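Colleague: Order-wise, the sequence lines are chains F and U.
Mapped onto the working numbering, the consecutive letters of the first sequence carry residue numbers 1 to 321.
Mapped onto the working numbering, the consecutive letters of the second sequence carry residue numbers 1 to 236.
What the hints contain is simulated information worked out from the structure, not anything from laboratory work.
Computed from a predicted model, the values in this text were never measured in an experiment.
For glycine and all other residues, C-beta sits at the position ideal for the given N, C-alpha and C.
Please note that the accuracy of each hint is not assured.
Distance ranges between label pairs, derived from CB positions [said to hold, decoys possible]:
#1 F:Ala112 to U:His62: 47 to 57 Å
#2 F:Thr127 to U:Asp99: 53 to 63 Å
#3 U:Arg206 to F:Ala275: 53 to 63 Å
#4 F:Ser36 to U:Arg32: 31 to 41 Å
A partial selection of chain U residues facing chain F, derived with a Cβ cut-off under 7 Å [to be verified]:
#5 Ala18
#6 Phe22
#7 Val112
A few chain U positions that, by computed beta-carbon distances, are all more than 12 Å from chain F [stated by the list, open to error]:
#8 Ala52
#9 Ala55
#10 His83
#11 Tyr116
#12 Val133
#13 Leu168
#14 Thr176
#15 Pro180
#16 Leu181
#17 Ser208
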Amino acid sequence: MVDFLNPTGWALALLQTLLFAAGAPLLVAWVKRIKSRLQNRRGPSLLQPYRDLHKLFGKEAVMAHTASPVFRAAPYIVFGATLIAASVIPMLAVELPTAAIADVIVLVGFLALARFFLALAGMDVGTSFGGMGSSREMLISALAEPAMLMAVFTLTMSAHSTNLSSVIEHVLNSGLLLRPSFLFALLGLLLVAVAETGRIPVDNPATHLELTMVHEAMILEYSGRHLALMEWAAQIKLMLYGVLLANIFLPWGIASTLSAGSLLTGLIAIVVKLALLGVILAVSETVVAKMRLFRVPAFLNLAFMLSLLGMLSHVILEVGA
Amino acid sequence: MNLMHLSLLEQTILVLGALTLFLSFALLPQARLTTMVHLFAWQGGLLALLTAVVASVGGNHHLYVSALLTLALKALLIPWMLHRLIRRLQLERHQERLDRQALVMMTGAALVIFSYWVVLPVARLELANTRNVVGLSLGIIQLGMLLMVVRRQAVAQVIGFMSVENGLFLAAVAATSGMPLVVELGIAFDVLVAAVLFGVFFFHIRESIDSLDVDLLTRLSEAEQEKLASESEGEA
Chain F
1 MVDFLNPTGW ALALLQTLLF AAGAPLLVAW VKRIKSRLQN RRGPSLLQPY
51 RDLHKLFGKE AVMAHTASPV FRAAPYIVFG ATLIAASVIP MLAVELPTAA
101 IADVIVLVGF LALARFFLAL AGMDVGTSFG GMGSSREMLI SALAEPAMLM
151 AVFTLTMSAH STNLSSVIEH VLNSGLLLRP SFLFALLGLL LVAVAETGRI
201 PVDNPATHLE LTMVHEAMIL EYSGRHLALM EWAAQIKLML YGVLLANIFL
251 PWGIASTLSA GSLLTGLIAI VVKLALLGVI LAVSETVVAK MRLFRVPAFL
301 NLAFMLSLLG MLSHVILEVG A
Chain U
1 MNLMHLSLLE QTILVLGALT LFLSFALLPQ ARLTTMVHLF AWQGGLLALL
51 TAVVASVGGN HHLYVSALLT LALKALLIPW MLHRLIRRLQ LERHQERLDR
101 QALVMMTGAA LVIFSYWVVL PVARLELANT RNVVGLSLGI IQLGMLLMVV
151 RRQAVAQVIG FMSVENGLFL AAVAATSGMP LVVELGIAFD VLVAAVLFGV
201 FFFHIRESID SLDVDLLTRL SEAEQEKLAS ESEGEA
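Next up, chain F with everything else stripped away, as it sits in the complex:
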């Protein structure tokens, strides 16, 4: 059981959240770097996203005069909700107090809150691109959320708990098991993660082509520190999904005690896992072409079918009579 009054636990949770914020730009730069290598380019330095963020924070934030307070507040809300969602995920160690007070459904809720304000901000100024981006984002998320929840329910049914920390411990304790349900849930969550973080078959993060952009269309009106917060939140979201996938399905290496040695192992393990995930993402983005917006429902339908099959195979093969 988690000790809520343990100050080391809270300090570690805080440290882990800060690591999330600090590491997210590095992960994005890593993916970019691998992608450039695969396309025979040199690619920007690994520190480039930090420099971009630093530059944007130093600039003046320009506002459209039609902008309402919602537009002004949205970057802080989006960044805050994403960061809180990230703090719920066990990255270095299990049984941290933040993981114990919020379960996976709260996590999905925080992400939905961030997305809601992002879409509101896109529509606020009244430009056509912002509204278009918001409507597309809501279409994608409305289809992705059932798939994500179905995959999450498959995991929680196996572990008999909706708490991420308990799910990870359950996977750790049961040793090497080939679970068909986890395989399908992993595939379904991978597709959802690609759609939710706006990576290639669904949205292209590297382009400002008006007709295809989704995420970029919503933050088109932002500048200065607001833009920096929005970009940073998107980077944290990518890392959040990466850590979620890596630690639930391959939790080996994560610290189950709060000693310095096991925490160091946990840090090295998650860095290696994220680096590998980044390579997989970069390769898949190089191989796959962006699909038309009208094909996205079919893509997410596949994600939902995979998650549903995960649930079915859990019931039929793993629990059944």
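Let chain F serve as the given structure and place chain U on it in line with the hints.
Modeller: Then chain U, alone, in the frame of chain F:
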């Protein structure tokens, strides 16, 4: 049943069975015929692998023969024949979109749940450790039938028919470690002959109605033709 009581190889059987079911789902909304044939070939390959794993778990050596037979027939020969047919019928670029794709997929999921419910009493019989695969195989059979119902393209319907046979084979292998070799050989050659006959039929259908869309077959009755003729006369 607790997964932890199964050996790693038995867990592999479950994973392979679930993947076979997934391929049946993937066949359902697939628009391109050549991709359907590829998926069908992968299903045959998975089935062969599963048979080999069952053989090594139970020590049934005759199952290795049927694994090889499955690999040769369902993963290589029949897909190759279907490919050749599609090329000769010039259907490589043919696409058929399902009208209500989401509805069809949900029906498929409902059929799998239904077949699980039907199989529950059978699964309690303690046939083997992997008896739950029977539920999956009944699901694969139902999905094959659903494929034949919702598709209008004759080649797609034949692939549905073949995947029904895959489901039956999976049930036999997983529940009772395979049928006697004679029966298995008989079924394998039946399927092969069916594939050849279907090929001949495709050409006949196309010759008579200039298409492989079987919905057009309903319009071949003479009464309707006379009606059409009288209508056109009336218009004239």
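Colleague: Over 12 Å from every CB of chain F: does U:Tyr116 meet that, or does the non-interface label fail?
Modeller: It is violated; U:Tyr116 is separated from chain F by about 5 Å at its closest Cβ, not greater than 12 Å.
Colleague: Mind checking the CB of U:Val112 against every CB in chain F and telling me if the closest is under 7 Å?
Modeller: Holds, about 6 Å.
Colleague: Can you tell me whether the CB distance of F:Ala112 to U:His62 sits inside 47 to 57 Å?
Modeller: Check passed, 56 Å falls within 47 to 57 Å.
Colleague: Find the nearest Cβ of chain F to the Cβ of U:Pro180 and say whether that gap is larger than 12 Å.
Modeller: holds, 27 Å
Colleague: When you take the CB atoms of F:Thr127 and U:Asp99, is the distance between them in 53 to 63 Å?
Modeller: violated, 37 Å
Colleague: Could you check that no beta carbon of chain F comes within 12 Å of the beta carbon of U:Leu168?
Modeller: Holds, because the least Cβ-Cβ distance between U:Leu168 and chain F comes to about 18 Å, which exceeds 12 Å.
Colleague: Quick one: are U:Arg206 and F:Ala275 within 53 to 63 Å, going by C-beta?
Modeller: Taking Cβ atoms as reference, U:Arg206 and F:Ala275 lie about 55 Å apart, which means the hint holds.
Colleague: Is the nearest CB of chain F more than 12 Å from the CB of U:His83?
Modeller: Since the minimum Cβ distance to chain F is about 24 Å, U:His83 lies beyond 12 Å and the statement holds.
Colleague: Are U:Ala18 and chain F close enough, Cβ to Cβ, to be under 7 Å, as the hint says?
Modeller: Interface hint status for U:Ala18: holds (4 Å vs cutoff 7 Å).
Colleague: Holds or violated: is the Cβ of U:Leu181 farther than 12 Å from all Cβ atoms of chain F?
Modeller: Given that every Cβ of chain F is farther than 12 Å from that of U:Leu181, nearest at about 28 Å, it holds.
Colleague: Please verify that the nearest CB of chain F lies beyond 12 Å from U:Ala52's CB.
Modeller: Answer for U:Ala52: holds, closest chain F Cβ roughly 16 Å.
Colleague: Less than 7 Å between beta-carbons is the criterion; does U:Phe22 satisfy it with respect to chain F?
Modeller: holds, 6 Å
Hints 2, 11 and 12 from the list above are not met by this structure, while the remaining hints are.
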